[in-house]
Amino acid sequence: MIKLINVSKEYDNGVKALSNINLEINKGEFVFLVGSSGAGKSTLSKLILKEEEVTEGKIYLNDLDVTKVPNRRIPFIRRNVGMVFQDFRLLPNRTVYENVAFAMEIVGSNPKDIRRRVPMILSIVNLSSKASCFPDQLSGGEQQRVSIARSIINNPPVLIADEPTGNLDPETARDIMRALMDINGRGTTIIMATHAREIVNDMKKRVIALENGKIIRDEQKGGYELEVPSTKEYN
Amino acid sequence: MNLKFRVLKSIIKQGFQGMWRNRGMGVASVASISAVLVILGIILILILSINNFVMDTTTQFDEIQIYLEDNINDGFMTNIEETAAKNKGVVSIIFESKDQALENFREDWGDEAYLLDGLENNNPLPNSYIIKVEDIKYAGNVVDSLKGLDGVEKVQYDKEVIDKLLMIADYIRVGGIVIIAVLVFVSIFIISNTIKLTVTSRRREINIMKYVGATNNYIRGPFMIEGVLFGLFGALISIIIVYVGYEYFFELVNEQFYTLFSVFLIVPKMIFKDITVIFCAIGIGIGAVGSIVSMKRFLNV
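Chains G and R, in that order, give the protein sequences.
Take 1 as the starting number for the first sequence in my numbering and just add one per residue.
Take 1 as the starting number for the second sequence in my numbering and just add one per residue.
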């Protein structure tokens with residue numbers, strides 16, 4: 001599904017964000033990316049979305065070499081990778097329904113399909129009753145669920161969530177995780193970058209830990225830290 | 001095809017929505033475009049009027065008169081006629097006999113024509129050809145070809161006056177183009193800045209669109225439509241202002257102007273169509289270019 005071969009990224013200002021990353025994520029997997037700020041988590045997702053160019057190496061998304069995709073084809077990569085952000089990134093002047101429908105309009109979906117599919121996805125994230133609300137009338141958790149709905153509306157095989165629970169209280173965060181698990185259960189590969197130790201420890205999913213741009217740990221059913229408690233403080 | 005059409009429809013819809021949502025900023029853009037276009041209109045009318053004046057004046061000088069020697073033989077006359085006719089741009093060659101010339105004088109002099117009495121028998125006026133050219137620029141060649149031909153006494157042509165007037169007309173044309181170019185540039189700058197403000201305030205939206213997989217054209221489209229609509233509105237407003245304003249001004253001063261310079265101002269109805277076409281083209285162009293320029297920076301996500 002996603003394959004990184006010897007990927008390195010050095011920014012123009014000389015910062016080495018990632019070095020020699022080799023990684024393979026299979027279809028339907030749920031993967032946590034953990035590591036302190038600046039460890040390279042965001043860079044990794046930016047490279048997959050081709051928001052940044054790799055300095056070295058290759059990235060395959062469904063057998064497509066992302067690093068070779070010309071710029072004008074980038075939007076078509078992004079249609080295959082849903083994105084969820086810590087700050088939700090909803091359009092404030094559009095209703096919940098419009099925010100989700102918008103992603104379908106962009107790809108030129110049939111209006112009939114839009115009218116059929118948007119309510120369906122909203123019911124998956126449990127927001128059917130809020131369809132005509134504006135984002136600022138919703139709680140943080142609800143807003144995040146809208147953004148999740150938007151990210152999966154076009155049925156992308158992969159979903160990247162960049163600290164989706166970062167702005168939410170633990171109870172709401174659990175709701176979000178349930179929604180993500182549900183989506184994962186329907187076959188979508190999910191990569192979630194996070195600092196939320198409890199969530200990672202609870203879920204017992206694959207954990208990839210990054211530090212200084214290198215993978216220092218990659219284990220199935222892992223925890224936030226190695227079994228040996230680290231001295232590092234995480235919030 | 002169906003897909004493309006839907007995407008296009010969605011882009012156009014968003015363009016109109018965007019215009020409505022940004023109407024505050026839109027008023028500013030429309031106002032600045034129409035301000036520039038009004039200034040442009042004034043300059044345009046000024047240039048056209050001066051041009052008109054120059055052209056009117058040159059037509060008063062566009063005759064070349066060839067005075068012929070007395071007792072000229074028919075062969076020379078045919079030769080002169082043929083030589084003149086060979087030149088490019090010659091519209092007519094009219095022979096004016098001594099008697100006709102005198103008659104013309106009488107008419108011109110009106111009440112004092114009695115002073116010419118008695119000249120019939122010893123008419124000092126020469127026979128002549130009056131050559132009209134299609135455009136003043138052909139006159140030089142005609143004059144050169146006829147000078148020194150057998151039977152030609154003198155070629156009468158106010159070359160210096162014409163040359164000067166033509167030069168003035170050229171300067172005005174070039175100057176006008178330069179001023180218009182500067183104004184268009186300034187207004188592109190103005191509108192691109194205004195649109196940049198709307199773009200900046202919608203940076204987030206653009207960013208989200210990019211993440212959801214919108215193509216650059218899809219993002220640019222609504223902004224371009226918005227810009228074009230602003231440009232069009234600005235053009236319409238300025239057309240009304242310039243047209244109504246000029247008509248009022250025309251009514252007010254045209255007669256005095258004629259008494260002073262013996263030239264009429266351009267009639268408002270005559271320029272209405274040109275102004276409409278020019279302003280709409282410039283307005284739409286400014287809107288489109290302005291939005292493209294201002295979008296450029298924001299599309300690199």
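Please keep in mind that the hints were generated in silico from the structure rather than gathered at the bench.
Treat the numbers as computed from the prediction; the structure is a model and nothing was measured.
Worth double-checking, as some hints may not be accurate.
When the alpha-carbon atoms are kept at most 30 Å apart in a straight line, the in silico DSSO-like pairs for lysine-lysine are as follows [as the list claims (entries may be wrong)]:
| # | chain 1 | residue 1 | chain 2 | residue 2 |
| --- | --- | --- | --- | --- |
| 1 | R | K296 | G | K112 |
| 2 | R | K132 | R | K147 |
| 3 | G | K50 | R | K147 |
| 4 | R | K13 | G | K68 |
| 5 | R | K98 | R | K132 |
| 6 | G | K221 | G | K68 |
| 7 | G | K16 | R | K147 |
| 8 | G | K50 | R | K132 |
| 9 | R | K4 | G | K46 |
| 10 | R | K4 | G | K112 |
| 11 | G | K58 | R | K98 |
| 12 | R | K147 | G | K46 |
| 13 | G | K112 | R | K13 |
| 14 | G | K46 | R | K98 |
| 15 | G | K68 | R | K98 |
| 16 | G | K50 | R | K196 |
| 17 | G | K112 | G | K16 |
| 18 | R | K4 | G | K50 |
Short derived list, chain G residues pointing at chain R, Cβ under 10 Å [as the list claims (entries may be wrong)]:
| # | residue |
| --- | --- |
| 19 | L23 |
| 20 | N26 |
| 21 | V69 |
| 22 | L91 |
| 23 | T95 |
| 24 | P157 |
| 25 | N184 |
Glycine included, each C-beta is placed from N, C-alpha and C at the ideal position.
Status of the hints after comparison with the structure:
1. Distance restraint check for K296/R and K112/G: the Cα-Cα separation of roughly 34 Å exceeds the 30 Å cut-off, and the hinted pair is therefore not satisfied.
2. Our distance criterion of 30 Å between C-alpha atoms is met by K132/R and K147/R, whose separation comes to about 16 Å.
3. For a cut-off of 30 Å, the pair hint linking K50/G to K147/R is broken: about 79 Å separates their Cα positions.
4. Proposed proximity of K13/R and K68/G is contradicted: the alpha carbons are some 34 Å apart, above 30 Å.
5. Proposed proximity of K98/R and K132/R is supported: the alpha carbons are some 19 Å apart, at most 30 Å.
6. Distance hint between K221/G and K68/G is unfulfilled; the C-alpha atoms sit about 33 Å from each other, more than 30 Å.
7. Straight-line distance between C-alpha atoms of K16/G and K147/R comes to about 86 Å, which puts the hinted pair past the 30 Å bound.
8. Under the criterion of a C-alpha separation no larger than 30 Å, the hint pairing K50/G with K132/R is inconsistent with the structure, at around 73 Å.
9. The straight-line distance between the Cα atoms of K4/R and K46/G is roughly 29 Å, inside the 30 Å bound, and the hint therefore holds.
10. In summary, the hint linking K4/R to K112/G is supported, as the alpha carbons are separated by about 16 Å, within the 30 Å threshold.
11. At most 30 Å may separate the alpha-carbon atoms for a hinted pair to count; K58/G and K98/R exceed this at roughly 99 Å.
12. Pair hint K147/R plus K46/G does not hold up; C-alpha atoms about 83 Å apart against a cutoff of 30 Å.
13. A threshold of 30 Å between alpha carbons decides the hint, and for K112/G with K13/R the separation of about 17 Å falls inside it, so the pair holds.
14. The hinted pair formed by K46/G and K98/R fails the criterion: a straight-line CA distance of about 96 Å is larger than 30 Å.
15. Only pairs whose Cα atoms come within 30 Å are accepted, and K68/G paired with K98/R is rejected, the gap being roughly 91 Å.
16. Proposed proximity of K50/G and K196/R is supported: the alpha carbons are some 26 Å apart, at most 30 Å.
17. Taking the CA atoms of K112/G and K16/G, the gap is near 48 Å; set against the 30 Å cutoff, the hint is violated.
18. Restraint check for K4/R and K50/G: satisfied, since their Cα atoms lie roughly 25 Å apart, inside the 30 Å limit.
19. The restraint placing L23/G at the interface with chain R is violated, with a minimum CB-CB distance near 22 Å, outside the 10 Å limit.
20. The beta carbon of N26/G comes no nearer than 23 Å to any beta carbon in chain R, farther than 10 Å, and the hint placing it at the interface is violated.
21. Contact between V69/G and chain R, as hinted, is not supported at the beta carbon level, the nearest pair being about 13 Å apart and thus beyond 10 Å.
22. For L91/G, the interface hint holds, the least distance from its beta-carbon to any beta-carbon of chain R being 6 Å, beneath 10 Å.
23. Interface hint status for T95/G: violated, as the beta-carbon distance to the closest one in chain R is roughly 13 Å, over 10 Å.
24. For P157/G, the suggested interface contact is broken, since its CB lies about 13 Å from the closest CB of chain R, more than 10 Å.
25. Annotation: interface hint on N184/G violated; nearest CB of chain R at approximately 20 Å, more than 10 Å.
In this structure, the hints that do not hold are numbers 1, 3, 4, 6, 7, 8, 11, 12, 14, 15, 17, 19, 20, 21, 23, 24, 25, in rising order.
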